[in-house]
Amino acid sequence: MSTITTTNFEAGEITDRAATNTNFTAVATATASINEENVRSEGIDKRQLAAHAYSTGRMEPLVHIDTANNLNSGVIEDTVYSGQNGTQKFELDGDPGGLNHPPLVLSLTGLAGGHLAIATGDLIRIHYTIYLKSHNDSTFASCGNDISANGGNPADGIGLVIFPTWKLTGGGAHQMLPNEVNLINNFGPGAGVTVNNTTSKADSISFISMEGAADSATTGGDCVRMVHGSWNYVADQAYTVYELKLYGRGPMVYQGDRQLYVPTWGAGRYHPDYMRIPWAGSTFNFTMSNGQISIMVMRGDS
Amino acid sequence: MAFAPITIVAGPITATSIQQNSDKMRNYVDGGVASADMATDNWAESKHIMRGHYNPIVNMHTFTTGLDGGYRSTSDEMSFVGDGPTGRGAPDNPVDMNFSNTGISFFLRSAADVMFQFTAYPITPSINLLGTSPLTKATVYIDGVKLYETEVATRHIIDAGSHQQSDFWIAHNFNVWSGFFISKNLGEGDHSITIRGETEGRYSFLMNFSVSLEAFYR
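As given, the protein sequences belong to chains H and X, one line each in that order.
My numbering applies: residue 1 is where the first sequence begins, and numbers increase by one.
My numbering applies: residue 1001 is where the second sequence begins, and numbers increase by one.
Quick caveat, the hints were computed from the structure, so don't treat them as lab data.
One or more of the hints may lead you astray.
What the hints assert, rightly or not - Listed next, the in silico EDC-like pairs over lysine to aspartate or glutamate satisfying Cα-Cα at most 16 Å (straight line):
1) X/K1146 - X/E1188
2) X/K1184 - H/D222
3) H/K133 - X/E1151
4) H/K133 - H/D222
5) X/K1146 - X/D1096
Please model the complete structure; the sequences and the hints are all you need to start from.
As structure tokens, this is what we get:
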């Protein structure tokens, strides 16, 4: 804190220029070293806060915030992703079969430098939603189809897995978020990945139950289910983020010792003689609708 | 630049010199401080920003950098919409009605980026003579504008069979609503965010619902 100490002039006292100059020099010295402690808290406003990295005048604690959705000129589009069995991911690109619906992607290349620069210690908050409208197995139930032999069957944890990815170089491929279990690579059927709390986390992953009504007389696979996923992470290193995307993968089964597993659908316990999942064939068609993806980066002192 | 006094020269001290220095110092303090005068380190840290003002009536905390607020239902509280005038008969363009107590009204001193989040547990009670699985939808509205990307839904499942009507699977059928919306560069002034919806059932209730708002001034 900068302070001024002066010798007061007393009434009737004869002074000289040296004393007067000393007083004003003290003021000059003090004003050259003002710091935050000279300003009362109620006096701090936008002008005193450091300029934002992107020079947009944005205030702390926000470094950047952006969002994208997959509406088509404000209208919700249904997009069918066919032939899914969980052995590989599918991008929510809105374009299977050349539909040309809007993709669910958030590009950050328009920022200064062509990317979002995240510093060590920044808080990264990624949010997304995606709506599983329906799938094509109208008799689906995670305890097996609606026959008396399946009455009282314990349900398997079957669902469609949703996960975000990011691209950290301009020309590179998308990758899983740090320390998240790898669902990008192909595996299965008859294989899975094990989740842990260190380097194979499931923090950013969402698991959408595929239950609709387990009776073909009603709504079958009409799930009408929105999932809201989020990922909150304190950056342990600097990142340059060019793009965010959302992927689906499934159906997968949560089983065993914290494992996301891809079985052979229509075989084994899911054979038509037993749980009969799916009712016919060995793949699923997922109809996905409205979704969003966003990123918010926060920094304490910029 | 920093305050630079006029040096008083030898001889009698004139009132003019003193006045000039006083005027320069006044002008400096009254708006002449330049950024170069400030210390280059430890200038404005978050700990120096005022604590803000909390309004317990609307549960809103106002900070220098923005707003934080929201609402969480009490343990016995429910919100609801009915099928009239919303979704009775499954019209092509149903009317959306407010889910009570899911709205947040707020004032922005300047343009801000605003994030709104919500969560709710919707239930459509079983009522005789509802022959289908009635659908209930909800959507976030900002200033009366429907944000289709936030639309959520749930069905009241009516299972004509019997085998799956057991505790083993029924919990899978209940949707928990959760969602968000980010409004970038929302303008200065008063705003409202709320959840509105429609139902084809007789009623659709929300239990354990909450809404929150974070606004960051630009």
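Inset, instruction - Starting from the hint list further up, note which numbers the structure goes against and sort them upward. - result: 1 and 2
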